[in-house]
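Could you put the whole structure together from the sequences, leaning on the hints where they help?
Same order as they appear, the protein sequences are chains U and D. The numbering of the first sequence is the UniProt record's numbering, which starts it at 1 and goes up by one. The numbering of the second sequence is the UniProt record's numbering, which starts it at 1 and goes up by one.
Think of the hints as simulated: they come from the structure by calculation, not from any bench. Yeah, the Cβ is synthetic: ideal placement off N, Cα and C, and Gly gets one too. Be a bit skeptical, because a hint or two may be false.
The list that follows gives simulated cross-link-like pairs (lysine-lysine, BS3-like), each with its CA atoms no further than 27 angstroms apart [said to hold, decoys possible]: (1) D:253 x D:85; (2) U:70 x D:42; (3) D:198 x U:10; (4) D:253 x U:70; (5) U:216 x U:183; (6) U:216 x U:288; (7) D:253 x U:21; (8) D:248 x U:10; (9) U:110 x U:128; (10) U:21 x U:216; (11) D:85 x U:10; (12) U:21 x U:10; (13) D:248 x U:21; (14) D:85 x U:128.
Distance ranges between label pairs, derived from CB positions [to be verified]: (15) U:17 x D:164: 22 to 30 angstroms; (16) U:259 x D:249: 44 to 52 angstroms; (17) D:128 x U:138: 47 to 55 angstroms; (18) D:232 x U:173: 56 to 64 angstroms; (19) D:4 x U:155: 49 to 57 angstroms; (20) D:241 x U:17: 24 to 32 angstroms; (21) D:28 x U:121: 37 to 45 angstroms; (22) U:130 x D:218: 31 to 39 angstroms; (23) D:164 x U:227: 28 to 36 angstroms; (24) U:132 x D:52: 19 to 27 angstroms.
Covered stretches of chain D (chain U as the covering partner; in silico rule of three or more C-beta atoms under 8 angstroms from a C-beta of chain U) [claimed, not checked]: (25) 3-9; (26) 89-97; (27) 243-254.
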Amino acid sequence: MTALSIQNLKKTYNNGFVALKGVDLDVQRGDFFALLGPNGAGKSTLIGIISSLVNKSSGSVSIFGHDLDKDTVAAKTCIGVVPQEVNFNQFETSMNVVLNQAGYYGIPRKQALQRTEQCLRQMELWDKRDVVSRRLSGGMKRRLMIARAMVHSPRLLILDEPTAGVDIEIRRSMWEMMQEVNKQGTTIILTTHYLEEAESLCRNIAIINNGQIIEKSAMNSLLSRLHTDHFVLDIARPLSAAPIIEGYGIALSTDTVLDVAVPKSHGLNRLFQALSEQHIEVLSLRNKSNRLEQLFLDLVQ
Amino acid sequence: MNYSVAFFTILIKEIRRFTRIWPQTLLPPAITTALYFLIFGKLIGDRIGLVHGVSYMDYIVPGIILMSVISHSYSNVVSSFYSTKFQRHIEELLVAPVPNYVILAGYVCGGIARGVLVGVVVAGISMMFTHTTILHWDIAAAVFVLTATLFALAGFINAVFADSFDDISIIPNFVLTPLSYLGGVFYSVAMLPGIWQKIAQANPILYMINAFRYGMIGVSDVEIELAFAMTGGFIVFLTALSLLLLHKGIGIKN
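Written out as structure tokens, the structure is:
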């Protein structure tokens with residue numbers, strides 16, 4: 001069963017800007033799905049339409065088989081949305097932010113209190129329940145929005161750049177939380193500019209650019225298309241020129257750092273053997289960029 | 001789905017909002033109206049004598065109460081709903097399966113609650129200066145609630161169209177306040193010279209104030225039936241307009 005099915009979705013804003021030019025997209029139940037695209041590609045418009053914040057121009061959206069226009073209540077009940085920017089009442093306590101959202105979904109008070117506690121505990125915010133939300137740190141505000149989005153137990157959770165602007169430690173803990181939520185059966189759609197995040201968490205991916213889906217596949221199959229890996233090598237002794245090794249593209253970044261393009265067909269063993277023959281001692285090795293980042297740039301440029 | 005839970009969630013949130021900030025919402029009308037009663041009612045009123053057979057103080061009490069109801073039911077909804085838009089937590093409601101009429105009812109009832117509470121506070125203050133008895137409870141109560149409803153709806157529409165905080169103060173300052181003062185709060189229309197009586201009758205607030213005055217002290221410059229018909233007509237029109245705006249997403253959706 002598809003969690004989300006979008007057909008020929010188009011959106012033209014009043015100023016004439018065409019944000020979506022006919023998007024077709026299916027996301028399967030239980031998936032952890034990445035929706036990537038550069039700024040202005042149409043991601044936020046697409047999420048806005050799915051979450052009823054933006055009026056579409058034409059096309060259809062259905063969530064777990066419920067058409068968003070014809071079966072609105074059932075469709076909306078299936079979705080939870082974590083937006084890019086903070087959009088809760090900053091004068092309410094964390095508890096009331098989540099509790100009010102439960103009320104909007106028609107959850108009776110007693111049950112809403114239980115769900116609110118569960119969600120705040122899951123997001124490690126229970127001890128902050130009486131704190132006025134504007135006093136929370138940036139990471140806590142993001143987690144509060146996730147707790148709010150989950151209070152009605154949605155089957156589809158849409159996370160629009162949930163880790164933007166949070167430090168690496170919080171980002172990692174949020175990854176664990178998202179994985180846990182997905183394991184419990186919630187389908188997740190994630191948009192992010194951290195491609196490492198998408199590569200680590202998501203099983204399937206779509207890339208949107210200029211209002212159109214330009215790539216849609218399993219993450220593994222997309223990454224397998226990458227023919228060349230880029231590495232950075234720190235070397236023991238300074239060089240005045242980059243060594244020449246057949247089949248590899250090597251550039252001297254500084255006199256002790258080499259940038260190396262390694263074709264998958266050649267591998268690393270031959271590289272190290274050749275460097276060793278030229279008496280170049282390698283101290284350490286790291287990826288120049290995330291693999292998905294290279295593919296993403298190739299696709300959108 | 002049980003929409004009453006969503007309705008009461010909005011309503012309770014609204015009531016909590018204006019009671020939390022009571023020094024801004026409940027205290028000022030108490031002080032302002034106490035000054036009105038002291039200056040206009042007591043100091044000046046004693047020299048004016050009777051109006052329509054009642055003391056000047058008793059004559060102005062209904063108008064001052066209703067003027068507070070108008071001002072506060074309007075300003076509660078306009079400021080709360082605009083702030084909901086401004087802070088973008090309107091999105092919490094739009095994402096959820098809350099029908100437009102429930103959103104409207106929640107905010108309007110919040111405005112009515114503040115209008116009624118302020119009206120009761122002002123009525124309580126008036127008791128310190130005079131002991132007016134209410135002659136027609138049913139008419140007074142109906143006008144009280146209907147007026148609060150009408151201006152809460154008007155405040156909602158103002159908030160929908162507002163793009164800045166300036167936009168939410170223009171109507172209260174430049175339309176509502178002058179119309180309230182010219183709506184016969186402090187005088188009877190019969191005191192106005194010829195043509196001004198006709199002009200004054202084009203002011204809808206005149207009808208509500210006089211209907212409320214009739215409910216309290218049995219004195220009115222207008223037909224009570226006409227006042228109810230006008231207020232009811234405006235409520236129906238503004239409700240339909242508000243629902244249309246919400247349906248189209250004007251001012252709240254792209």
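Okay, the hints, checked on the actual structure:
1. D:253 x D:85: holds, 10 angstroms
2. U:70 x D:42: Violated, at roughly 63 angstroms.
3. D:198 x U:10: Not OK: residue 198 (chain D) and residue 10 (chain U) at ~55 angstroms, beyond 27 angstroms, violated.
4. D:253 x U:70: holds, 19 angstroms
5. U:216 x U:183: Holds. Residue 216 (chain U) to residue 183 (chain U) sits at ~23 angstroms (cutoff 27 angstroms).
6. U:216 x U:288: holds, 25 angstroms
7. D:253 x U:21: holds, 20 angstroms
8. D:248 x U:10: It holds: about 18 angstroms lies between the C-alpha atoms, which stays within 27 angstroms.
9. U:110 x U:128: Holds. Residue 110 (chain U) to residue 128 (chain U) sits at ~20 angstroms (cutoff 27 angstroms).
10. U:21 x U:216: Status holds; Cα separation ~16 angstroms.
11. D:85 x U:10: holds, 25 angstroms
12. U:21 x U:10: holds, 5 angstroms
13. D:248 x U:21: Satisfied, since the Cα-Cα distance of roughly 22 angstroms is no more than 27 angstroms.
14. D:85 x U:128: holds, 26 angstroms
15. U:17 x D:164: 22 to 30 angstroms: holds, 23 angstroms
16. U:259 x D:249: 44 to 52 angstroms: Taking Cβ atoms as reference, residue 259 (chain U) and residue 249 (chain D) lie about 51 angstroms apart, which means the hint holds.
17. D:128 x U:138: 47 to 55 angstroms: Since the Cβ atoms of residue 128 (chain D) and residue 138 (chain U) sit about 51 angstroms apart, the hinted range of 47 to 55 angstroms holds.
18. D:232 x U:173: 56 to 64 angstroms: For residue 232 (chain D) and residue 173 (chain U) the Cβ distance comes to about 57 angstroms; the hint holds.
19. D:4 x U:155: 49 to 57 angstroms: violated, 25 angstroms
20. D:241 x U:17: 24 to 32 angstroms: holds, 29 angstroms
21. D:28 x U:121: 37 to 45 angstroms: Cβ of residue 28 (chain D) to Cβ of residue 121 (chain U): about 42 angstroms, so the range 37 to 45 angstroms holds.
22. U:130 x D:218: 31 to 39 angstroms: Violated: the Cβ-Cβ distance is about 52 angstroms, outside 31 to 39 angstroms.
23. D:164 x U:227: 28 to 36 angstroms: For residue 164 (chain D) and residue 227 (chain U) the Cβ distance comes to about 54 angstroms; the hint is violated.
24. U:132 x D:52: 19 to 27 angstroms: Between residue 132 (chain U) and residue 52 (chain D), where Cβ atoms are some 52 angstroms apart, the hint is violated.
25. 3-9: With 5 residues in contact (Cβ-Cβ under 8 angstroms with chain U), the coverage given for the region 3-9 of chain D holds.
26. 89-97: This one holds; 8 residues, not fewer than the three required, reach chain U with a Cβ under 8 angstroms.
27. 243-254: Answer holds; 3 residues pass the 8 angstroms Cβ test.
Going down the numbered hints, you'll see the structure goes against 2, 3, 19, 22, 23, 24, while the others check out.
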